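A.B. asks: Each chain, letter by letter, is given below.
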Amino acid sequence: MSQGIDAGPPHAATVVARTQESPTIFTLQLRLDDAATQAAYRFAPGQFNMLYLYGVGEVPISIMSDPEERDVIGHTIRAQGRVTQGLAALQPGDQVGLRGPFGRGWPLQEVSGCDVVLVTGGLGCAPVVSVIRYVLRRRERFGKLVIIQGVKHAEDLIWREQYDRWATLPDTQVLVAASEGAAFWPWHVGRVTELFGLANFDPDCAVAMMCGPEGMMHAAADSLLARGLPESRLYLSMERNMQCAVGRCGHCQIGGAFVCRDGPVFNWGEVKALLAHRGF
Amino acid sequence: MNTPKADPIKPRVAVHKFSSCDGCQLAFLNLGEDLLTLAGRVELVHFAEAGPLDPDTDVDVAFVEGSVSTAEDLERIQHIRQHSGLLIAIGACATSGGIQGLRNGVFGENWVTQIYSHPEAIASLERSTPISSHVKVDFELWGCPVSGPQMLAVVNSLLLGVTPRDNADKVCTECKRRGYPCIMVTRGIACMGPVTRAGCGALCPSLGRDCYGCYGPAENANTGALAVQFRSQGLSPEAVVQRFQSINSQAPVFLAAADRIRIKSHD
Amino acid sequence: MFSSPEPAGFLPLDQLHALVARLMQLGYQCLGPAVENDAIVMRELDAPDGLPRGLQAEQAPGRYRLTTDPQHRYFAWANGPQAIKPQAFAPQESLWRVERDAAGMLQFEAVVPNAPAQAIIGVRACDLAALALQDAHFLREGRRDPHYAKRREQLFLVAVQCAEPGATCFCASTGDGPTPTAGYDLALAELPDGFVAVSGSAKGAAVLSALNLSAANAQQVDAVRQQGQAAAAAQTRSLPGRTLRDALMSRLEHPRWDEVASRCLACGNCTAVCPTCFCHAEIDGPALDGEASRHERIWDSCFGESHGHLHGFNVRPDIRSRYRQWLTHKLATWHDQFGRSGCVGCGRCIAWCPVGIDLTEEVAALTGSGVSHE
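Chains as they are written, first to last, in my numbering: chain A, 17 to 296; chain B, 49 to 315; chain C, 26 to 399.
Hints were generated in silico from the structure; no laboratory data involved. Remember, predicted model here, so these are calculated numbers, not experimental data. No residue lacks a Cβ here, since even glycine has one placed at the ideal position from N, Cα and C. There could be a bad hint or two in this list.
[Stated by the list, open to error] Just some of the chain A residues that point at chain C, by a computed CB distance under 7 angstroms: (1) GLY24; (2) PRO26; (3) ALA28; (4) GLY97; (5) GLN101; (6) ALA104; (7) GLN107; (8) CYS265; (9) GLY266; (10) GLY295.
Bound conformation, chain A alone (with noise of 0.2 angstroms):
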């Protein structure tokens, strides 16, 4: 795919934005400090950097900017580890390392002229929001785009206006439950499952792309496989322990193949056998 920055030591990068989307997500927006690098920088939407954070380690994080957008790469975070905590207190001008792009991102080529099914659970949006801006960029190659999202909790939403937006757009369905409401929830209350009976796709001409926890993207399997939608067309991104990001050091391993370099974007007939095994 692309000619990254990969082999090697990272390459330094300066926070040039941030914003804080709820209590624990954020989003930093990354230049790198070689001007070169930079404008030489490319990438797949589903393909995930290594963000290095001085001193503590490296996490990946998958890029939520648009590809065509050339002097900034975003990356959308929750603060949860060690890693991942002190990039949250990163502020404008501080600097981070970077090495990637890596691995095999959603097959949008394959996708023209058919509809877009995505189905996202928890911050599980975040490599499929590129996607997204993707297809709205370059409507007109694309059919329908029906975007589910679902959440534990209505206030886990981030985006919450670019998915009114996104509902207000022609050919646009925007699907999205929380499992725990709130005050002026506008959408369902209860299991994001509930929701795939009321997408409206074509089977016969259409890509699912998931993301989201394995229970969810399960029962989301299922039901989209049900309604009529091949296998050979559904497609999810894993999530798994990644530390070399160049299928080396062996953590993300789902049975032969290495998530970091394999995927982290599968089609749903190369993992599911091991997905229902709990372990893999």
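Starting from the known structure of chain A, arrange chains B and C on it as the hints suggest.
C.D. replies: Chains B and C in isolation, oriented as in the chain A frame:
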């Protein structure tokens, strides 16, 4: 060293002692030159072993050595918690109750009268308990004593503004990285390494000695399987119990392991 | 014997030191067998005649005891806990470092290992087969690991035919031994009066020719062949010759996984001594003055908590899933990655497991193929 720091404010640090032998404070002091480098990056406001004394002041980070073992300890730990941003328990006493936890459940008046010439001077609680039994602990550093490199790593993480890295892997992982052949296998020695938390750098195995569990239980410690192996190596049930009832006798995993063997051998 | 196109030479017993001397002369740090913690380990020889004689070890599940070879041979021992792996895939090493420059800006730089030229004397066919797998992993086309590559290219490997396999050995069944057939610079087979020697590389050929050996005669070559056959026949353990991929992947919920988990300590010793295991963690070591940090890799194990750690949950929280990950990776999904099993039959995971869990026995129990040793 001369580059401008993003944040020139030095965190205020205190080192407090409870019921303990001072060995963990010595682990700090034994850092030598490293301690001096470190001292340039923090403000040590209370550290009795090293000099500064100001136990009541507000600090960003309090390191607490020792277990809660007296009525006075009970009050003091609450006071320290209220005056500390982060509280870090260091060493076996602070994390599991320590060697003095061996008295828990067997501490009676007749012991005190037998051991001490002035039993009236002894005012201990019945049980020696870890700091986390009394107040919220932000991070625990196990070991008897804790190791210098471990302490440095914790302080470094705090200076970087992140949670220290918790390594709950077994001693064996460090032992094998260092290339020491397993003495359980070559000599049939009952080694606690396979159930004990890493951090010491496999110090005892490096000297051909068995690990005696001073860093406390590792994650997923299969004490039952190790006890079976110890028995097949010729240890009596009592000897196996003693392996688990040592420095960290009150750590729940080791306590349960010993209890299971006691119950079994009474069946 | 060793499938070398070149004729075999004969190195008389009292000339073994000449080989070591030649390697030392060429600048190699020579590693050979030595005893540490009552095990045979590879350590630097301080003199050409420093190779010990008569060392032997008795191996069984969870058991390794030094013994003495009555024939007083140099290489009558089967294998120790490690041979080549730590020399090519270092247990701990820096990958890169970062420092703040005078303006406080981050400067990253690669760390190139300072790997000495090393000759390892006494490696076995299983070790060479394992090294080929480590090569396939770390030197993968388009993604060479520079640290492994640097150490690897510095190695000079003197292989030895196994004449006395341990009771834990089963390389004959995996097709990886006991006679070395590839991957060495020099290969030796020990006979009562000397060594039949062949080269496997240009480097090895140059060393051999400098020794001016006479050609091995037909009886000597035949004795080596017979010795190899006898060593294969003496092995009491085995893995099934067929691919175990489907047999294991169709038994992921077999009750045996729970049973073995009740015995397994999840200490990771098997993965540390396994010559093909490649997992490693990456950690940072910040300098105390706050001005620099080293990014290091250390050996890791799928038996540890951090291996499957994700924020929010652990992919493999229990010993059952960790043992299953190890065994299915080694014997099943390794086929998908490298076109063969990840087990070379060295038996180290059996001998060095503190509680003596026997991989061949677990496979037999899982696949119902019957316990395969007498």
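A.B. asks: Of the numbered hints stated earlier in the document, which are not met by this structure?
C.D. replies: 5, 6 and 7
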